[in-house]
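Residue numbers (the working numbering), protein chains in the order written: chain B, 9 to 250; chain H, 2 to 34.
Hints listed in this document are in silico derivations from the structure and should not be mistaken for laboratory results.
Any given hint might turn out to be false.
[Stated by the list, open to error] Dumping the calculated SDA-like pairs for lysine to any residue here, alpha-carbon to alpha-carbon at most 20 angstroms:
#1 B:220 - B:247
#2 H:22 - B:72
#3 H:8 - B:21
#4 H:8 - B:196
#5 H:8 - H:31
#6 H:8 - B:37
#7 H:8 - B:229
#8 H:22 - B:37
#9 H:22 - B:21
#10 H:8 - B:35
#11 H:22 - B:18
#12 H:8 - B:34
#13 H:8 - B:247
#14 H:23 - B:18
#15 H:8 - B:19
#16 H:22 - B:11
#17 H:8 - B:20
[Claimed, not checked] Just so you have them, the derived chain B footprint on chain H, three or more residues with Cβ under 8 angstroms:
#18 8-21
#19 24-32
Using N, Cα and C, we set each Cβ at its ideal position, and we do this for glycine too.
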Amino acid sequence: VGALGGYLEAAGVATTQISLIREHTEAISPPRALWVSFMLGRPFGVPNDARFQERVLRAALGLLEAPQGPVLQDPEDAPAAMSDVAEGQVCPVSFAHELDEADLRALFVREVEALGPWYGLARNRRGRSAVGLSAGSIDESAALVAAFVKGEHVSPPEGLTLCQTLKLACEDVRAYYYRAAAARPGDPDAKAIDQWFWRETAAGGVFLAFQKLSAASDEQSVRRLAATSIVPRSVLHDQAKA
Amino acid sequence: MGTTQVKELERTATEFAGLLKKDGVDAVLLTPV
Chain B
9 VGALGGYLEA AGVATTQISL IREHTEAISP PRALWVSFML GRPFGVPNDA RFQERVLRAA
69 LGLLEAPQGP VLQDPEDAPA AMSDVAEGQV CPVSFAHELD EADLRALFVR EVEALGPWYG
129 LARNRRGRSA VGLSAGSIDE SAALVAAFVK GEHVSPPEGL TLCQTLKLAC EDVRAYYYRA
189 AAARPGDPDA KAIDQWFWRE TAAGGVFLAF QKLSAASDEQ SVRRLAATSI VPRSVLHDQA
249 KA
Chain H
2 MGTTQVKELE RTATEFAGLL KKDGVDAVLL TPV
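Start from the sequences and build out the full structure, keeping to the hints where you can.
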């Protein structure tokens, strides 16, 4: 996105943009960018909160008034970090904590199965699936993530790199959990679902283990994936404090 | 997927900018998905 902004600007079209990964934006230095600390896939922040999203939109468009770039602005009113206290249980399926890694992986696989009915409900309500980037089933994506965390060799399908394969599997798993959680009674908000995923599910633990492992990968692209796409910065920050 | 080579974007972006200007668009908001 940053590079695209530069090329469009050079061709005479003014640009402003949302930045989700500050390091990328600083490196590319596009003409104007609003850096936000939202999770990947949510450039306007909290889902279903039109007022909040409008503030983000207005802040991004406001950068067009800058006489010249590059401008990288931090929003003053970014949502609170994950350290806020969770309110209540988000999902009617709850899972244990403090497991060793083998138990965690096994629990992760069972967790995916247990969430199936809730994900099915969400899919039926929306009339479309949120899972399928990886072209495999959710079970296959979960198995792939679990295998990588176990240290097993992962063979990417033809046409994809290891980094792409891992990224798509992780995105499918996360989408599956978030949709399943959102289908529960009580209409949980996005923050509650975030807290549930990262603090209460085996998947959150597996993702944290995944992040640690991929950060030590021999492949540069996988290390970059670990740095930017697996665990939100706010969660890593909370982990470091814990 | 975050792996597009930056230089590969230039030609498409320039063509796209031409179409935007033809349609009277003078500014765009870019967001990652």
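Structure-based check of each hint:
no.	hint	verdict
1	B:220 - B:247	12 angstroms, holds
2	H:22 - B:72	17 angstroms, holds
3	H:8 - B:21	18 angstroms, holds
4	H:8 - B:196	43 angstroms, violated
5	H:8 - H:31	18 angstroms, holds
6	H:8 - B:37	15 angstroms, holds
7	H:8 - B:229	18 angstroms, holds
8	H:22 - B:37	23 angstroms, violated
9	H:22 - B:21	7 angstroms, holds
10	H:8 - B:35	15 angstroms, holds
11	H:22 - B:18	13 angstroms, holds
12	H:8 - B:34	18 angstroms, holds
13	H:8 - B:247	37 angstroms, violated
14	H:23 - B:18	16 angstroms, holds
15	H:8 - B:19	15 angstroms, holds
16	H:22 - B:11	19 angstroms, holds
17	H:8 - B:20	18 angstroms, holds
18	8-21	holds (count 8)
19	24-32	holds (count 7)
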